[in-house]
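There are 2 protein chains.
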Amino acid sequence: MSKLKNTINSILHIDKSFLEKAQKRLDNLTKPQGSLGRLEEFAMRFVAITQNPLPDLNKKVIFTFAGDHGVVDEGVSAYPKEVTHQMVFNFLQGGAGINVLARHAGAEVVVIDIGVDYDFTPLNPHLPRGNIEALFISKKVISGTKNIRKGPAMSKDDAIRCVEVGIELADEYSKKGYKIFATGDMGIGNTTPSSAIAAVLTGKPVSEVTGRGTGINDEALKNKARVIEDAIMINKPDPSDPLDVLSKVGGAEIGGIAGLIIGASANRVPIVIDGFISTAGALIAYSLEPNVKDYMFASHNSTEIGHKVILQKIGLKPILDLDLRLGEGTGSALAMLIIEAGVKIYKEMATFEEAGVSKNE
Amino acid sequence: MSKLKNTINSILHIDKSFLEKAQKRLDNLTKPQGSLGRLEEFAMRFVAITQNPLPDLNKKVIFTFAGDHGVVDEGVSAYPKEVTHQMVFNFLQGGAGINVLARHAGAEVVVIDIGVDYDFTPLNPHLPRGNIEALFISKKVISGTKNIRKGPAMSKDDAIRCVEVGIELADEYSKKGYKIFATGDMGIGNTTPSSAIAAVLTGKPVSEVTGRGTGINDEALKNKARVIEDAIMINKPDPSDPLDVLSKVGGAEIGGIAGLIIGASANRVPIVIDGFISTAGALIAYSLEPNVKDYMFASHNSTEIGHKVILQKIGLKPILDLDLRLGEGTGSALAMLIIEAGVKIYKEMATFEEAGVSKNE
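Line order of the protein sequences matches chains A and B.
Going by the working numbering, the first sequence opens with residue 1, and the numbers climb by one from there.
Going by the working numbering, the second sequence opens with residue 1, and the numbers climb by one from there.
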């Protein structure tokens with residue numbers, strides 16, 4: 001807990017003088033002032049976060065946290081639970097959506113077992129060998145959450161440990177020289193705890209933050225909302241205590257994501273937030289320390305209805321709106337490309353003087 | 001004219017059976033069906049346009065058409081006219097926004113002098129030499145348009161020639177093996193003819209399609225709208241004759257863009273449309289032959305108010321919404337990255353069977 005507290009206490013607002021300096025440079029480039037819109041905003045924020053007037057973006061990493069969910073027993077997902085570990089195998093072999101888009105964005109993928117109900121120890125003969133495309137890191141805190149309709153997802157100690165795992169990864173990858181982080185998730189059933197977290201921490205009714213996840217039908221959606229309402233009623237998560245919410249109706253991967261955001265902010269590393277599950281983690285982080293907002297980029301606007309609600313609560317405007325709802329970090333990977341475009345504009349364009357172009361009258 | 005007519009006559013609707021085949025492949029990849037949203041749409045359209053079940057996207061090119069505008073004499077722009085040729089120099093030296101974003105997208109930039117009021121012949125000692133970052137092609141039809149407040153922008157023959165230049169470039173680059181084209185523009189004052197075209201061909205009032213361009217103030221905006229109203233009143237462009245509209249209130253680069261779109265469609269090459277000026281060209285092309293719609297991707301939603309009006313008229317939904325208003329092809333370059341992401345998803349992701357992942361229940 002002291003690691004978490006110390007890290008949170010070290011997160012400051014960004015220094016706005018860097019925004020102004022970056023704006024000055026942007027305004028002298030060969031284009032009408034402000035004509036590159038949000039690309040300019042991304043560049044300014046990147047400069048202010050890193051406090052580097054000529055920031056690098058050469059090392060990029062996407063952290064895909066994986067965890068299982070006991071609440072799958074309640075029929076909340078269109079997919080069986082074993083898909084979580086099967087998809088971890090898919091990540092390692094490079095065949096998943098996140099692998100394709102991370103390659104496209106020039107980013108590395110790190111897959112973290114923080115709470116999968118599967119044995120990934122090296123002796124397991126089913127593990128993929130050779131041609132591994134993503135780094136696998138074992139940071140298992142739990143083997144899946146308990147069924148939140150019947151009791152808490154995990155102990156408070158385990159919830160804190162999950163957040164600390166994220167912080168440790170942020171510290172490690174910041175030291176290794178990575179210049180931008182992104183979040184991602186894998187966990188069959190994890191829109192259910194994400195909706196529960198959204199309902200508790202935004203105060204919105206469950207029906208307004210609960211969607212179809214991987215694609216359940218109307219009847220299953222009604223059942224899912226009932227399950228979430230029951231989970232909140234039975235566990236009574238305390239909205240003023242985000243770690244209580246995480247332990248009672250959350251998930252290990254959501255805790256890891258919250259920790260990564262906190263750790264990124266403490267290390268002044270810009271962090272891109274993927275879709276609905278990642279913003280549930282972001283909401284935990286933001287509720288613990290609102291200053292983390294300064295370090296986050298919201299990658300996209302998911303079709304999952306609770307996503308918009310959380311983004312509004314935090315006050316983040318998404319970069320892309322492409323009807324994505326896959327998770328894994330796929331939205332993050334695409335948004336990284338756009339943020340990088342902004343940083344390159346800032347660094348590589350000629351000024352009016354350099355190019356011999358007349359200024360406006 | 002016969003080249004234009006023949007090309008238009010060869011443009012067919014895309015074959016929808018290719019959409020279905022592509023959808024089938026996408027639905028078997030390791031993700032919930034449809035969960036990659038518009039990326040899947042882009043991939044399907046790309047397959048159907050190229051009629052290639054495994055399309056390539058290795059050679060990409062952005063065509064930035066440059067032209068001058070006599071109407072600048074009426075005070076419609078925040079920048080002096082010489083900025084058009086100065087920016088062409090900037091393109092060739094790699095310092096402009098389009099250079100940075102094209103490099104980021106892995107696309108080549110081709111700059112076409114189709115109507116600049118400047119002598120780009122090789123003997124001109126002011127031309128940049130060495131370290132040229134973009135290909136320069138001279139296809140000069142006119143040396144700037146005439147002032148449309150006083151008479152037609154150019155002759156009908158010149159307007160047709162501009163469109164044919166675009167078609168010829170599309171033919172040439174299709175033969176050279178380029179797999180995706182994009183449009184871009186450079187021309188101080190060219191939001192004025194674009195707004196005029198939008199008003200005439202959509203039937204909307206001038207005030208609803210006229211914006212601040214590079215950033216004029218309220219008074220200049222009022223003047224700009226009056227200039228456009230005068231230009232339409234004096235020239236009486238015929239809304240049922242897009243080439244009449246182009247010749248009376250258009251611009252050379254807008255004609256070139258229209259031709260490129262027509263030529264791309266005839267060659268079944270997907271074409272990305274940049275911002276407001278490019279969609280004015282797209283509207284000319286669409287008015288000549290509505291089937292071109294099947295081949296176009298609208299890159300982004302510009303802050304220039306007439307842009308949305310044209311996109312709605314054609315029925316295109318933009319890919320990005322980043323408050324851009326620079327032109328040059330900058331929105332195109334970014335959108336190319338997103339379209340390519342969709343094609344890569346389609347080509348590179350593993351199927352459920354390949355990855356050993358359980359399907360939904």
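If you are wondering where the hints come from, they were derived from the structure by calculation, not from laboratory data.
You may find that some hints are simply not true.
Rough simulated footprint, nothing fancy, chain A against chain B, three-plus residues with beta-carbon under 8 angstroms [stated by the list, open to error]:
| no. | region |
| --- | --- |
| 1 | 24-32 |
| 2 | 169-183 |
| 3 | 278-289 |
| 4 | 342-353 |
Derived DEER-like restraints, expressed as beta-carbon distance ranges [claimed, not checked]:
| no. | chain 1 | residue 1 | chain 2 | residue 2 | range |
| --- | --- | --- | --- | --- | --- |
| 5 | B | N360 | A | K359 | 35 to 41 angstroms |
| 6 | B | N360 | A | E354 | 38 to 44 angstroms |
| 7 | A | P239 | B | L12 | 42 to 48 angstroms |
Just so we're clear, the structure is a prediction, and the values are computed from it rather than from any experiment.
Backbone N, C-alpha and C fix where the C-beta goes; we use that ideal spot for every residue, glycine too.
So, going through the hints one by one against the coordinates:
1. 24-32: Contact hint for the region 24-32 of chain B vs chain A: holds, 4 residues under 8 angstroms.
2. 169-183: violated (count 0)
3. 278-289: violated (count 0)
4. 342-353: holds (count 5)
5. B:N360 <-> A:K359: 35 to 41 angstroms: 58 angstroms, violated
6. B:N360 <-> A:E354: 38 to 44 angstroms: At 56 angstroms between Cβs, range violated.
7. A:P239 <-> B:L12: 42 to 48 angstroms: Violated, since P239 of chain A and L12 of chain B (Cβ atoms, about 59 angstroms apart) do not stay within the stated range.
Going down the numbered hints, you'll see the structure goes against 2, 3, 5, 6 and 7, while the others check out.
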